[in-house]
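Asker: Full structure from sequences and hints, please.
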Amino acid sequence: MSRRGSRTGAQVGTPPRVLSGIVKVILTVTYLVPLLWIVIEAFKSDNQSLTAPDALIFAPTLATFRTVIGTATGSVLLSLLIAAIATAAVTVVGVPAAYALTRRTSPGWGRVIAVVLTILLILQMVPQPMTVIPLYGVLARWHLLGSVTGLVVADTALVLPFSILLLRPFALAVPKSLYEAAALDGAGNAQIFLRIVIPLLRNGIATVASIVFIIVWGEFIYATNFLTEGSQLPVSALLAEQISIYSANWNRLMALALLTSLPLLAVFLFAQRRLTAGLTLGAVR
Amino acid sequence: MTADLRSGKAGAALGAGRPPDCVPTRARRVTAPWAYLLAAVVLLALVCVYPLAELVHLAFSAVGPTNLIGSWPWAGLANFRAVLANPELMQAVRVTAELTVMLLVSDLVLGFVVASVLVSQSYSTSAVMSLMVFVWALPPLVSGTVWKFLLSSNGAVNSLLGLLGFQPVDFLASPTLALWSVGLVTCWAALPFATLVLRSGMLAVPRDVIEAAAIDGARYGKIQTRIVLPLLRPTMGILAILAVIYSFQGFNFIYVMTEGGPGTATANVPFLAYQQAFTSFELSGGAAIALLALAFVLVLAVPYALSVRHEEHE
Amino acid sequence: MRHLPTRWFAGTAVVAALVLAAGACSSSPGSASGGSGQHITLTVWSYFGGDQLAALKAVDKLFEQTHPNVTVNEIVVPGPELDTKLLAAASTRAGPDVFFNNVVVDFPELSAAGAFYNLTKFWHAYPDKSQFPAAAIWKGSNGQIQNVMSYSNLNGLFYNKTILDQYHLTPPATVTQLESDMQVITKAGKYTALAASADPEPDGAWTWFPLLLEQGTNYCNVTATSAAPMFQTVANWTKAGYLPKEAATWTQTDTWTQFMSGKYAFLVDGNWNLGAAKAATFSWGTTQYPAGADGSRVFPGGEAMGISAFTKHPQAAWEYLEAWLSSQGSVLDFQNSGQIPTRADAATTPAVKDDTAAAPFVAAIKTVSAWPTSSKIAQMQTTVGTELSDVVSGQASAASAAAATATAIQSDIKAGGGDC
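Chains as they are written, first to last, in this note's numbering: chain A, 1 to 285; chain B, 1001 to 1314; chain C, 2001 to 2420.
If you're looking for bench data, these hints aren't it; they were derived computationally from the structure. Check the hints yourself; a few may be wrong.
Which residues of chain B face chain A? A few of them, derived with a C-beta cut under 7 Å, are [claimed, not checked]:
#, residue
1, Pro1033
2, Pro1051
3, Ser1116
4, Ser1120
5, Tyr1123
6, Leu1131
7, Ser1153
8, Asn1158
9, Ala1218
Covered stretches of chain A (in silico footprint by chain B; criterion: 3 or more residues with CB under 8 Å from a CB of chain B, positions within the stretch not fixed) [stated by the list, open to error]:
#, region
10, 25-36
11, 67-81
12, 100-113
13, 124-132
All of these numbers come straight from a predicted model, not from anything done at the bench. Built from N, CA and C at the ideal position, the CB exists for glycine as well.
Answerer: Okay, here's the thing in structure tokens:
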């Protein structure tokens, strides 16, 4: 019975071909068409985008890409730095927290879990624009204003409740019997966590980490307010700059969006490699 | 399925090589893992509590365009009374409810279907999944603008309808259609996320469970709904609550596509709060609306938090 | 024996090190302090893009030529975030040296937050001050001069000359003439008559309120009766098909895109697009906002400049403002961005005088109406915009919109103070 890890999937348990095909076609159309519009727009010059943004037939040009690639490169590097550090911080802090919220070791702790979950949900309801001014003061007091560190701290705190809530179901998928076995063997929390839970959480960590990376990459309210003035802008702020109350450079916006989203795709594909099916299979027999 | 204590991976994980008949004198009861929660609690307490406290303070004060900096006069419940009396709030609640329902159905139902289709590992599923994630990663400013162009009166969708002989449709100009348009675009934008999360959950379902069911004669639909779906209950639960939170807190596509219009047809509760606070500078009014939304989600969150206790391991 | 989770500590240590290293990598904020003679950096915040940014850079260069010991550091902040950033900085008693703000919406708030440096003594010592109209100077509630406008952006009417020529129409000077022109075009059915913004934001109010200004009504004295004509006009024009229903969600950026497609005969827009208009594939022209009973009247929009209350270089900052206020600076601004100088003698320079497309806006600036100084001006404009959007989309009748607007504005006036 060694069909685990088979690349093409088992014969059973897969959707019927027809349904699968139809769904994939619909998805491809609904997600590819807007992407094509973006690509088309990116190949228009400033004038073409201004006078005929909806035109499908036009003389494409690389001028827009040439204009934006200089600023795009610097922004991408900065965003990579911010997102990588924030994602690492969220993972390091969030994974143990998610684990802790799945272990009902006593009724008292169970009550703690309920309270903490409620607080995490509340924290997500605070509108982000309204947190800027208080956080600005907090970061200033800690002398973290204007630095990447300060921004990372703010972003980590922003995404942490969401990440913990999202990691929890993955942590819950660890079978209870493993905990019982480990307890009987005399293992403490640390051993259980490191030797059993973490390996089984690889799916969850990879998924949530790539989601967090993408979210932090796109975050621009804190990025605009908390970074050093005059320094390089991250991608999110650079994109927002293309629209002012007076004018909009659609072609540049779309070209920048394309160029600066490619690294995200790379990160996602890298994380996807780590997802394997049927991870718990070998552990319980 | 029973766990074999010594020969399975569990035993190996705890240190192989122990003689099989050496049983510890006392089975360990694990202590509450509070240390694991510590870093998260400290960080959130240091960073998030102050803004939340300020939000509450704002909602109970009278802060308007002229006194954000300086001392805030106490207003008691006046802001809440004013907000509840505002006819725009009822409209915004209705809009939010409709958008929430759309997002829930899309995330949970469509998400499940699409995740089921994309769970098998093949080149086509990888390609579709990557396409969806790439588009999801685009900022709402970009994807919202694209749809605004596509749905405009002389945009691609109406041109296509024209070719097929239909009249142009006011996707963004008609009050009812605008809400559907914004809602569908939001669902479209959120679907990759729901798919990604559900798919990861599905990949953790042990294959032998599915194979056993198939051998017993169950068809695909039954396997998915009777076996896989129940196993995904925690994931569906968290997706549902996150969808509700997003609907009561996010308004990116509304802002980009219709600015809450036409009129107030697409202004949801968080948009109303934002407009009050940052366009009109009625910060206390905006904070009061945000706090009401928070209270509403809290009402949903408490039963959720209590119900998930059944999910936890001992 | 408890096994220490070394890998976990290692992971945490690595992350902590990365975070600290990132902090060390970035430079610390703040401009170089310096006395006279030492090199100083002036930080200027704005939300400019496109042509306006080009104008900013041109004036910066002009300033740096006469002030070799000063470098101007231009920071562009996305529009919606500029206020928040200024207020956040003010709350920690910090800020840039100079900033541009959308004066008709943000001034009361920024002024009350103490973000502005007192310009009164600078202004009184300024030799050219008589060149500027009273509307270009903005005072805080304490009587201090806090904002100055070296340029203004106004609404006017753009027309597609290619279309007008097809139907033998001349550019309209009054609202009545505009209506008859639009009737001709709509009847022919090939083009849409009017692109104008009616979105539920200050943009919508900005576009349509001049109809009331031209009948002697301002925000301060609006009533259900006096507000009705504006809403009735909008309702009529939508019903007649002159104005598309989509206008209910169009910003002024959207209307510009629509007009540039060449399918619209008229557009209510402003001088800031004169540069962008040169890319049009059709021939076009401009006139003043169509006149009503009291002639053609619009509000002066645009940005004003202020010095931050927390600047370390007030004198240098004021000299920077003087560069913008100077004749040379004003003309440079105009040439780059089409923004209309507020100083009187700029109108007589050849660069401005000979620009036929800009002429209607230059003329309009002489007869602008004054903004009320109420602190609720942003809320009032949003109310008007929302009601206009309701009327265009058919969700409200003109009468009910006028009544709702009047009620809301009257209570805002009571609450907002100022000169209303």
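Asker: All hints, please: hold or fail.
Answerer: Hints, one by one, checked against the model:
1. Hint status for Pro1033/B relative to chain A: holds, with the closest Cβ pair at about 4 Å, below 7 Å.
2. With 7 Å as the threshold, the beta carbon of Pro1051/B comes within range of chain A, its nearest partner Cβ sitting at about 4 Å, so the hint holds.
3. The criterion of a C-beta within 7 Å of any C-beta in chain A is met by Ser1116/B, whose closest approach is roughly 6 Å, and the hint holds.
4. Of the supplied interface hints, the one on Ser1120/B holds, with its beta-carbon coming within about 4 Å of a beta-carbon of chain A, less than 7 Å.
5. Because the beta carbon of Tyr1123/B sits about 10 Å from the nearest beta carbon in chain A, more than 7 Å, this interface hint is broken.
6. Taking 7 Å as the C-beta contact cut-off toward chain A, the hint placing Leu1131/B at the interface holds, the least distance being around 5 Å.
7. For Ser1153/B, the interface hint is violated, since its Cβ never comes within 7 Å of a Cβ in chain A; the closest pair sits about 11 Å apart.
8. Here the hint on Asn1158/B is broken, as its CB sits about 10 Å from the closest CB of chain A, past 7 Å.
9. The interface hint given for Ala1218/B is broken, as the beta carbon of that residue sits about 9 Å from the closest beta carbon of chain A, more than 7 Å.
10. Evaluation of the coverage hint for the region 25-36 of chain A: fulfilled, as 8 residues show C-beta separations to chain B shorter than 8 Å, against a requirement of three.
11. Three residues within the 8 Å Cβ limit are the bar, and the region 67-81 of chain A against chain B gives 0, so the coverage statement is violated.
12. Counting residues of the region 100-113 of chain A whose beta carbon lies closer than 8 Å to any beta carbon of chain B gives 12, which reaches the threshold of three, so the coverage claim holds.
13. Coverage of the region 124-132 of chain A by chain B holds. Counting CB-CB distances below 8 Å, 7 residues qualify, and the rule asks for three or more.
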